[in-house]
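Hey, can you work out the whole structure from these sequences and the hints?
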Amino acid sequence: MDDVKQGYREAEDKAKETWRKADGDESVADKVGNAGDEIRKDLGNAGDDLRREADKADGDYDGNTTPR
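Heads up: the sequence shown begins at 1 in the working numbering, then just goes up one per residue.
It should be emphasised that the hints constitute simulated quantities derived from the structure, not laboratory data.
No incorrect hints appear here.
FRET-style restraints, in silico, Cβ to Cβ:
hint : residue 1 : residue 2 : range
1    : Glu26     : Asp60     : 37 to 47 Å
2    : Asn45     : Gly24     : 29 to 39 Å
3    : Asp58     : Gly24     : 48 to 58 Å
This structure is a prediction, so every number in the text was calculated from the model and none was measured.
All residues carry an ideal CB built from backbone N, CA and C; glycine is no exception.
Given below as structure tokens:
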């Protein structure tokens with residue numbers, strides 16, 4: 001499940017980045033928006049990784065982490 005969420009986050013960020021570049025000009029606002037999206041994606045992926053590792057340590061890991 002985490003891999004699906006990670007893939008979705010990456011696709012969403014790529015789509016937003018492409019949309020921001022569609023006008024042929026990448027402004028400072030576009031760059032700030034892209035940086036914010038990248039940070040949000042990385043934090044989401046890090047949270048998934050932490051939860052997976054915590055579940056492994058608790059013995060609750062079954063290979064498919066489900067949302068809590």
